[in-house]
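Peer 1: Here are the chains, one letter per residue:
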Amino acid sequence: MNDKLIVGIADMKMAGDGEKLITYALGSCIGICLYEPRLKLAALVHIMLPLNMETGRKNAFKYADTGIRTTLREMELKGAQRAAITAKIAGGARMFEVSGGSLGNIGKRNSESVHQILRMEKIRLVWEDVGGTIARTMEFDSATGNGTIRSYGHPEIKF
Amino acid sequence: MRFWCGKGNRMEIKSYEDLSGLEIDTLKEIGSIGTGNAATALSQMIGKEVRITLPEVRIMGYNEAIEWIGGPEAITAGVLSQLGGEINGIMLSVQQMDFINLVLSNVLGRSVADFNMLQEMQISTLVEVGNIMISTFINALSGLADISIKLTVPAFAVDMQGAILTVPMAAYGGQSDYIMTIGGNFVCDNRQVPCRLLLSPDIRSLNFLLRKLGVMDE
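Protein sequence lines, in the order shown, are assigned to chains Y and B.
Counting along the first sequence from 1, when you hit position 25 you're at 12 in our numbering, and nothing is skipped either side.
Counting along the second sequence from 1, when you hit position 184 you're at 568 in our numbering, and nothing is skipped either side.
Since the hints were derived computationally from the structure, they do not count as laboratory data.
As the structure is a prediction and not an experimental result, all values here were calculated from the model.
You may find that some hints are simply not true.
[Stated by the list, open to error] Here are the simulated DSBU-like pairs of lysine-lysine, each with C-alpha atoms no more than 35 angstroms apart in a straight line:
1. Y:LYS45 x B:LYS398
2. B:LYS412 x B:LYS534
3. B:LYS432 x Y:LYS45
4. B:LYS596 x B:LYS398
5. Y:LYS95 x B:LYS534
[As the list claims (entries may be wrong)] Derived Cβ-Cβ restraints for the label pairs, each shown as a range:
6. Y:THR131 x B:ASN574: 50 to 56 angstroms
7. B:VAL571 x Y:TRP114: 43 to 49 angstroms
8. Y:GLY118 x B:GLY598: 45 to 51 angstroms
9. Y:LYS109 x B:GLN576: 19 to 25 angstroms
10. B:GLY469 x Y:THR131: 39 to 45 angstroms
11. B:GLU451 x Y:HIS141: 23 to 29 angstroms
12. Y:GLU143 x B:MET501: 33 to 39 angstroms
13. B:ASP498 x Y:GLN68: 45 to 51 angstroms
14. Y:THR42 x B:ASN574: 46 to 52 angstroms
15. Y:ARG96 x B:ALA458: 24 to 30 angstroms
16. B:ASP573 x Y:PRO142: 36 to 42 angstroms
Think of the CB as a built atom: it goes at the ideal place given N, C-alpha and C, for glycine as much as any other residue.
Okay, chain Y solo, but in the shape it has when bound (with noise of 0.2 angstroms):
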């Protein structure tokens, strides 16, 4: 059994061969797990924010926009095709119910601006567990394109 892959915040990896790919601990954050099936090769996206204002844009994977776009452009480069590629996510929980502000629905904006980016790049997502108030692990297998999400005090989900 090979290690896993370790996909930080604000960072992407690929995986094929077999290889697993795994993010910690997604909160208010979203992983993008993008799938070819045809080349087995999968993508884990760890993102923050939903949309890249920044000068600069020195770190693409920290947005859900740059970060679903880089991700794409890359895995066709190692020669997916644009229409084979599924998409499943999770995260963009609520982690403290705060009064007021921006903090509360980050999670929520996150969630938004994923699938407004997945639509807009015609991208299918076939699953997707969203919203809540608890944090997620979620692993990815590039053999099949399924995987898990792990939380604490609820049973693991297979998708």
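With the hints as your guide, set chain B onto chain Y.
Peer 2: Frame of chain Y, contents of chain B only:
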């Protein structure tokens, strides 16, 4: 890169990593006074002597911060308040199991074996302890810098600490690839107590605070 203006005074910082040694020392001093006051408050609540270790000011990359707090998946309790008024920021009290039991056994006379055993009474005790520590820290800061700071009603969560720590990261993620924390650790019965009190200000507030403290000239 450093920017200097007319009379040799430094202009505002644009990112946490622009902070000078003097500015960091000033923030450490705030951390020391804030945490010291919080330790006194904690000591009164649990009826035991509580000391503090040297305060730290850390400027960390996201993933570095998660490792520093002890890995992403460890379960902890977090009490969070948002700062408003003259400065904006987030203050977090991150409470690991040993701290929770230190509080519960001394305040309620009963400890718990796991986070899922926490009931309403215990949770409101933890929120209150977190709230008092955060408020004492902020009162000290507000007195020191002569600024008015409002705190929101504290919110509570028990979950993976990675997801708890990303709350301040995401709040200021549009401004920086780093998170800045000012805080310290507590020592009780000669043992380090796993509770961190972390203040994460946004960049604008940090500039304002440093100017108010006279470290950064106007």
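Peer 1: All the hints need checking, so say for each whether the structure fits it.
Peer 2: So, going through the hints one by one against the coordinates:
no., hint, in the structure
1, Y:LYS45 x B:LYS398, "15 angstroms, holds"
2, B:LYS412 x B:LYS534, "22 angstroms, holds"
3, B:LYS432 x Y:LYS45, "49 angstroms, violated"
4, B:LYS596 x B:LYS398, "17 angstroms, holds"
5, Y:LYS95 x B:LYS534, "26 angstroms, holds"
6, Y:THR131 x B:ASN574: 50 to 56 angstroms, "52 angstroms, holds"
7, B:VAL571 x Y:TRP114: 43 to 49 angstroms, "48 angstroms, holds"
8, Y:GLY118 x B:GLY598: 45 to 51 angstroms, "46 angstroms, holds"
9, Y:LYS109 x B:GLN576: 19 to 25 angstroms, "53 angstroms, violated"
10, B:GLY469 x Y:THR131: 39 to 45 angstroms, "52 angstroms, violated"
11, B:GLU451 x Y:HIS141: 23 to 29 angstroms, "25 angstroms, holds"
12, Y:GLU143 x B:MET501: 33 to 39 angstroms, "22 angstroms, violated"
13, B:ASP498 x Y:GLN68: 45 to 51 angstroms, "48 angstroms, holds"
14, Y:THR42 x B:ASN574: 46 to 52 angstroms, "50 angstroms, holds"
15, Y:ARG96 x B:ALA458: 24 to 30 angstroms, "27 angstroms, holds"
16, B:ASP573 x Y:PRO142: 36 to 42 angstroms, "39 angstroms, holds"
Checked against the numbered hints listed earlier, the structure breaks hints 3, 9, 10, 12; every other hint is satisfied.
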